[in-house]
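Assemble chain B onto chain A, guided by the hints.
Line order of the protein sequences matches chains A and B.
Residue 1 is where the first sequence starts when you use the UniProt record's numbering, and the numbers rise one by one after that.
Residue 1 is where the second sequence starts when you use the UniProt record's numbering, and the numbers rise one by one after that.
What the hints contain is simulated information worked out from the structure, not anything from laboratory work.
Cβ atoms here follow ideal geometry from the backbone N, Cα and C, with glycine treated the same way.
There's no promise every hint is true.
[Stated by the list, open to error] Taking lysine-lysine and the DSS-like style, the derived pairs with C-alpha atoms no more than 27 Å apart in a straight line are:
| hint | chain 1 | residue 1 | chain 2 | residue 2 |
| --- | --- | --- | --- | --- |
| 1 | B | LYS362 | B | LYS113 |
| 2 | A | LYS518 | A | LYS547 |
| 3 | A | LYS402 | A | LYS366 |
| 4 | A | LYS371 | B | LYS24 |
| 5 | A | LYS366 | B | LYS174 |
| 6 | A | LYS547 | A | LYS601 |
[What the hints assert, rightly or not] Here are the computed distance ranges between Cβ atoms for each label pair:
| hint | chain 1 | residue 1 | chain 2 | residue 2 | range |
| --- | --- | --- | --- | --- | --- |
| 7 | B | LYS174 | A | GLU233 | 54 to 60 Å |
| 8 | A | LYS277 | B | LEU60 | 48 to 54 Å |
| 9 | A | THR331 | B | VAL318 | 38 to 44 Å |
| 10 | B | GLN115 | A | GLU150 | 54 to 60 Å |
| 11 | B | LEU60 | A | GLY327 | 15 to 21 Å |
| 12 | A | GLN27 | B | LEU60 | 16 to 22 Å |
[To be verified] Under 8 Å between C-beta atoms, here's a sample of chain B residues computed to sit facing chain A:
| hint | residue |
| --- | --- |
| 13 | SER21 |
| 14 | LYS24 |
| 15 | SER77 |
| 16 | ARG84 |
| 17 | GLN88 |
| 18 | ILE89 |
| 19 | ASP90 |
| 20 | GLU336 |
| 21 | GLN337 |
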Amino acid sequence: MNLLTKILLWMFPIALPVMGFTWSYYQAQLDAGAEHTGNVGVLVSASGAQRLNDFLRLRASEFTLISGKFAVCESSPSKELYQLKARNALQQSRGFSALIVSGIDGKVQLGQVAGTPSNRFMLPRSLANSWLFTAAQLERLNSGFNIWQEKAPLLRKEKSKLFLEALSLERRGEINSSKYNNIQSQIFNITNLLKQPPAVIYFNGGLHAEVMGLPYRRDTFLFTRPLVSCEGELAGYITAFLDRTQIEDILYELRQSLYDRGIHQVDIALMNRESQKYETETRYLTDRSLHGIVKMSASAGYQRKFGGFLAIQPIADAKVLNQLMEGADATEQGVSAAEYQEYIDRFSTMSLLVFIADEEWHETSKRLLLKVSVWLLLSLLFLFVLVFFLARNIVRPIVKLKRSVAKVEAGDLMVQADISSNDEVGQLARAFNRMTRALQLSENELQRLARVDELTGLLNRRALIEEAINERHRASRSEYGISLAILDLDYFKQINDRYGHAAGDLVLKQFADMLQEKLRKTDIVGRIGGEEFVILLPDTSPESAVKLIDKLRISCAETMIGLDDGILLSVKFSAGVVVWSADTGFEEALHRADEKLYQAKENGRNCVKS
Amino acid sequence: MKALLFSVLFCLLTGCDQTQSSIKIGVVLPLTGDFKIYGEQGLNGIRLAVSEINEAGGVLNGRPLELIVRDNNTSPSETVRLGRELIQIDNVFALFGPVSSNARNALLEVAEKHQIPMFYGIDYEGGEYSRYLYCLSAIPDHYVKPVVPYLQQISGDNFYIFGYDYIWPQSIAKSIISEVNKGEGVVVGREFTPFGISSYLEVLERINRSGADNLMLLLAGPDGFRFLEQFSRYPFDRNIRVMAYAADENYLQSVTPQALEGVMTALHFFNSHKSPDTEQYVRNYRARFGDKSVPTYASKASYQLTYLLRDAIEKAGVLDREKVIDASLQLEPDPEQEVMLREDHHFDLPMYLGEFRQGSLKVIQELGVVSPSDQRLQGSP
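This is chain A alone, in the form it adopts within the complex (with noise of 0.2 Å):
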C-alpha cells in the first residue's frame, strides 16, 4: 500500500461525522416539516370550524327573515302566491338554492329555485308531489306544532298580563325602573315565539336536490317551519334547501390555504358521526378508516392507522343549529358566541375534518432526501478532492526525493532533488542535495589523486597514458601530428647521495614546476617514474619538439634551485624526441623516445636527441 492510500484511507473517517451530519439534519428537517405541517392543520381545522360556524348561524337568521315572510297568515292560499313569496324570500337571502312549500302530509305543493350563480345555468325540474319529509321527521314537526299551539294561550294570557303590569308602572313613572325593563324583554320574547312556530333543522335532501336539478346529489341543510293558517291551524311547511356548495367552497377555500403552503394530499371533509359517514367526498380518507374517526373526539395529531395527520373539530350541525333557534327565538339577546360554542361542544355530532395523508410526506421526505443526498455527495467528492491533493501535494516529493535517492544508489551523484518548498519535506531534499554534492567532491577528489603524481602534481603514468589515447584521437585533426619527449635528469643520483632524499624530492618537485611553467598551455608532462618525465606536444613538428625542448633544457640549466640549507642547485637533463605517429601505439612511440635519450645520454648528457 503506498503512500497515497494510506493517507486517503487515514482521512476516510471524516467522512463519517459528515455523513451522520446530514442524517441527522435530514431526520430534524423531516421532524420540523411535519411539526409545520401539523401546525397548519391544527389552525385550518380551526379557522376551518370557525368560518363554516359563522356561516351556518348567518344562515339561521337568514331562515329567520325568509320564514318571517311567510308568518302572515293567508285567508285565501294559492299556489300562485307561495311561488311569489318564495321567489321573494329566495331573492333576500344568499345562502339558499332552493325553498319548498308542502302540505300538512309533507307532500311537496311547489319548489322554487334561487338565482344563486352555481343554479343559473341549470334546467330546474319540478319536485311537485313526491314526499319531503320522512315519518319521523313529520311527527317532530308535527308535535312541535302542536306545542307551540297549546302553549300558544298561556303565552298570551303571559303577555296581557305583562302588559297590565307595564301600563301601571307606566302611570306611576317608573318607566326607568329595571322592572319595567325586565317586563318589556320579556313581553318582546313572548311576542316572538308567538310570532311563528318553532323551526326544525334537518341534515338531509340530497335526493331531493338532484332531482330538482341543483348542482349537488349530497345530503344539506334543511331549514324548516310550519305554516300556519290564519285559523291558527297548521297549514303546511315551509323548506329552505341550505346552498351546499357555498359550504364546499369553504371546504375548498380551507383546501387551498393548504395548497398555497405546498401542502396537496389532503382531504377536507365533514364527517357525520351519527349517520357515520363522510358528508363531502373524500380521496384519501377511506370507508375503513371512518369506522375509528367516528368513535375519536375532537383532536389533532399524526394517526398511524389513518395513514396521516388528522385534525378533527366540531362543527355545528341540524341538532346545534336547531338550539341555536331556539334559543334565538326565545331571548331577546339572541345567542351569545360562547354558548353557541358550548352548544357545539355539548350536542353537535359533526366535524370538520383535516387530513393530510402520508404520501404528502412521501413526497416531501423524497424531495428532502434528495437533497440531502445531493449535497452530501458533493461534500464527500469535495472532502475525497481535497484530501487527495494534500496527500498528493505531501507524497509528491518524497516520492521524487526516492527517485533521487535510487539514483545516487544507481552511482550517479549528480542527482540534485527538485523540491523548492520550505517545509520538512524542502528542508530535507536540500539537505539531500548538500550531501551529494559533498559526496561528489570527495569522488572528484579521489579520482584527481589516482591520477596524480604524488609528489610533482604532474600527470602519473597511468593518467599520462589516458591522456594521450585522448590526444591521439584529437591529433587526427591537427596538421603536425604528436611529438613526444622523454626527458631524464643527468646526476641526479648524486644530488641523492650528497644532500638525501628530501633534497632530490624537492629537486624533483621543482623542476616540475618548472616544466609546467615553462611549456605551453596545450602540452602535457607526465612523471613516469624515477627522475624521468614524458612531455606530449600537440599539433607540434619534430623540428619545433626538438628546438623546443632544447630551449626547455638551456633555460632550466640556468634556473638555480634553492635548496633548504641555502644550496643552489642548476638542474641539467637529457631527452629523446620522436613523433608520435599515428600508426604506432604509445608504449611504441615511448620506447624509440626512450633509445633517443639513450643516445643523448651516451652523448654525454645535457642534450637532446631525434
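Relative to chain A, chain B alone:
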C-alpha cells in the same frame, strides 16, 4: 456526465422541487345522453394526445398528464357538480369539455370562479370570451360565411333553416340570414324544434312548399339522423341541397347511405382528407382505438387542445395557471394544419366542405384557413 452535473446544479438551485407527480386534467364530457357521440370523440382525442405526450416523456421534465374523466350525461347541472368536484376535491390543473353551450356556460362560471383554464372543443355560436376559456370550435364565421355563397352558386338562392330550439341553432340561423341577405339570396323559411320529435312530416311539407333550394340543417345527434331518413323518403318536387351543420363521419354509421347521399357539411377536419397530417392522425387513432374506430373533428379538436395545453405549460415553464394562460397566446398546437390560437382564445382554422357520397364522406372543396372576426367584440350572443 455534463447532463448529470447540470441536473445536480439545477436541483440545488431550485431546492430539488422537481417532483415527478402527475399533472391532473379534469374531463367533463357527455358520455351518455344526447351528445354522447361528440363526448366520446372528444374523450378519445384527449386520450390519444395524453398517451402520446406521456410516451414522449410527459411535461416539464417528465411529469405525466393524468386524466380524471367524468360523464355529465349531457346535463348542465351535472356539469357544474362534476366540474366543482374535479376542481375542489381532485385539484385538477385544467378542465376539458363539455359539449353544448348551456353546459359550457355553466362550467365556465365554475372555471372562472376558481380560475381554472378550460378547453372547449366543439362547434358553438361564437362570441364567448373569457381569460379562462379556450374554444377550438367552428363558429359561424368559420362555416357560414364561406358556405352560403358556395351553395347559391351550385344550388340556388332560396334557403330554408331548420334546427333545434336552443342557442346554437338559433345563433347559426341568425348568422345564415345575415349572410344570405348580403347577396341575392332569400331565406324562405326558418323553423326550430324541440328535442326528440319522432315525425318531421309537417316540417318536410313546409320545406317543400317554401320553394327552398337549400336546407340548412341544425339538428345534431339522433334527431338529425331521424330527420335525414325522413327527408330522403319524402317526395319533394325538386332537388334540395342539404347542408347539415356538425354532421361528421359518425353519421355514416347511424344514417343509411341513401339518406346521406349528397348531404354536405363544413368542418375543420375530415378523416378521409388526403394530407400526410390527417393520414398520420387517423393511423394513430386507429392504432389506439381499433381499426374500426372513426376519428372525427370532435376528436381532432380535443387532441389539438391537449397539445395546446402541453405547449403552454412547457412555454410557461412552471405549473402556474395564470402563467400558462399568459404563455398560451400565439401558440400553434398543430402547425401542419395552421391551427393558431388567437388573442380572443379562438382559432384560425383550415375549413373544408365535405359531401356524403356512396357511404363515405369526402372533401369536395377546400375553403382555406378561415380567420373569424375578433370574438371579444361580438358581445355575448
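The hints, checked one at a time:
Between B/LYS362 and B/LYS113 the CA atoms are separated by roughly 43 Å; this puts the pair beyond 27 Å, and the hint is violated. A threshold of 27 Å between alpha carbons decides the hint, and for A/LYS518 with A/LYS547 the separation of about 14 Å falls inside it, so the pair holds. At roughly 51 Å between alpha-carbon atoms, A/LYS402 and A/LYS366 are farther apart than 27 Å, so this suggested pair is violated. Restraint check: the Cα-Cα separation between A/LYS371 and B/LYS24 comes to about 25 Å, which is no more than 27 Å; the hinted pair holds.
About 59 Å separates the Cα atoms of A/LYS366 and B/LYS174, which puts this hinted pair outside 27 Å; it is violated. A distance of roughly 18 Å separates the Cα atoms of A/LYS547 and A/LYS601; the hinted pair therefore holds under the 27 Å criterion. Taking the beta carbon of each, B/LYS174 and A/GLU233 are about 56 Å apart, inside 54 to 60 Å as hinted. Our hint of 48 to 54 Å for A/LYS277 and B/LEU60 is violated, since their Cβ atoms are close to 38 Å apart.
Checked against the given bound of 38 to 44 Å, the beta carbons of A/THR331 and B/VAL318, roughly 56 Å apart, lie outside it. The supplied range of 54 to 60 Å is met by B/GLN115 and A/GLU150, whose beta-carbon atoms lie about 55 Å from each other. Between B/LEU60 and A/GLY327 the CB atoms are about 55 Å apart, so this pair departs from the stated range of 15 to 21 Å. With their beta carbons about 30 Å apart, A/GLN27 and B/LEU60 fall outside the hinted range of 16 to 22 Å.
Evaluation of the B/SER21 hint against chain A yields a held restraint, the C-beta minimum of about 7 Å falling below 8 Å. The closest approach between the C-beta of B/LYS24 and any C-beta of chain A is roughly 10 Å, which is over the 8 Å cut-off, so the hint fails. Using the Cβ-Cβ criterion of 8 Å, the hint placing B/SER77 at the interface with chain A is satisfied: the shortest such distance is roughly 4 Å. For B/ARG84, the suggested interface contact is upheld, since its CB lies about 7 Å from the closest CB of chain A, less than 8 Å.
Annotation: B/GLN88 was flagged as interfacial toward chain A, and the flag holds, the nearest CB pair being 4 Å apart, inside 8 Å. About 4 Å separates the beta-carbon of B/ILE89 from the nearest beta-carbon of chain A, less than 8 Å, and the hint is met. Proximity of B/ASP90 to chain A holds as hinted, the smallest CB-CB distance being about 7 Å (cut-off 8 Å). Interface restraint check for B/GLU336: the shortest CB-CB distance to chain A comes to about 37 Å, outside 8 Å, so the restraint is violated.
Interface restraint check for B/GLN337: the shortest CB-CB distance to chain A comes to about 32 Å, outside 8 Å, so the restraint is violated.
Comparing the model with each earlier hint shows violations of hints 1, 3, 5, 8, 9, 11, 12, 14, 20, 21; every other hint is respected.
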